[in-house]
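J.: Spelled out from the first residue to the last, the chains are:
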Amino acid sequence: AQTVTQSQPEMSVQEAETVTLSCTYDTSESDYYLFWYKQPPSRQMILVIRQEAYKQQNATENRFSVNFQKAAKSFSLKISDSQLGDAAMYFCAYIRLRGTGNTGKLIFGQGTTLQVKP
Amino acid sequence: EAGVAQSPRYKIIEKRQSVAFWCNPISGHATLYWYQQILGQGPKLLIQFQNNGVVDDSQLPKDRFSAERLKGVDSTLKIQPAKLEDSAVYLCASSRRDISGSPLHFGNGTRLTVT
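Going down the list, the sequences are from chains H and E.
Counting in the working numbering, the first sequence runs from 1022 upward without gaps.
Counting in the working numbering, the second sequence runs from 3 upward without gaps.
Hints in this document: simulated from the structure, not taken from any laboratory.
Please read these numbers as outputs of a predicted model, since none were measured by experiment.
Cβ atoms here follow ideal geometry from the backbone N, Cα and C, with glycine treated the same way.
Heads up, a few of these hints could be off.
Residues on chain H that point at chain E, a partial pick, calculated with CB under 8 Å [as the list claims (entries may be wrong)]:
#1 F1056
#2 R1064
#3 Q1065
#4 M1066
#5 L1068
#6 R1071
#7 F1112
#8 L1127
#9 F1129
#10 G1130
#11 Q1131
#12 G1132
Make the full structure from the sequences, and use the hints.
T.: Here it is in structure tokens:
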């Protein structure tokens, strides 16, 4: 069974500095996607970044980037120039691809609460 | 494009009562998911629909939970009778089936409190 583990329940960062959130996963599949979602107090899950397992290049989205180590099954999120609005709970998630199209089940980690200090 | 709509936003009930949640996915999204998120934890999948058919309901407590997706669009999740441990946020999400790796789009969730 696939599992996703986030070992940092809480993290804090000073505004404008950089922070890295860790995630490891376990799977025997070769075709899958990994995601980082942000959940502010409003409760809505917001997609931050996505990584295709077959791509060696790490995904980046503005201030957000990932370090994807497929052999080590590691998928960390780096937030540069942290802003107060980045404060939220962050979830790492995995989805296995089934044949054509995306009909897999998104599996979440336990989450990391990020605090941004002014 | 309009997002995933869920209602109600909050619900408080007593144990053994019944409750229903409603979800309207993004137009054109064939896949619909219901997740349960207990406070301080990651969401756990309850049920996944592909159009109006069930793809995965392996973690749905079928003795008390039921869900349907009529005509492959809106969906309703019901709990009857509710238990204290059902207190959680219930998240609905949808995705396009035809694009590999397309992300899930989530609604704002319904916070259920069972007293």
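J.: Which earlier hints can't be squared with this structure?
T.: Per hint list: zero violations.
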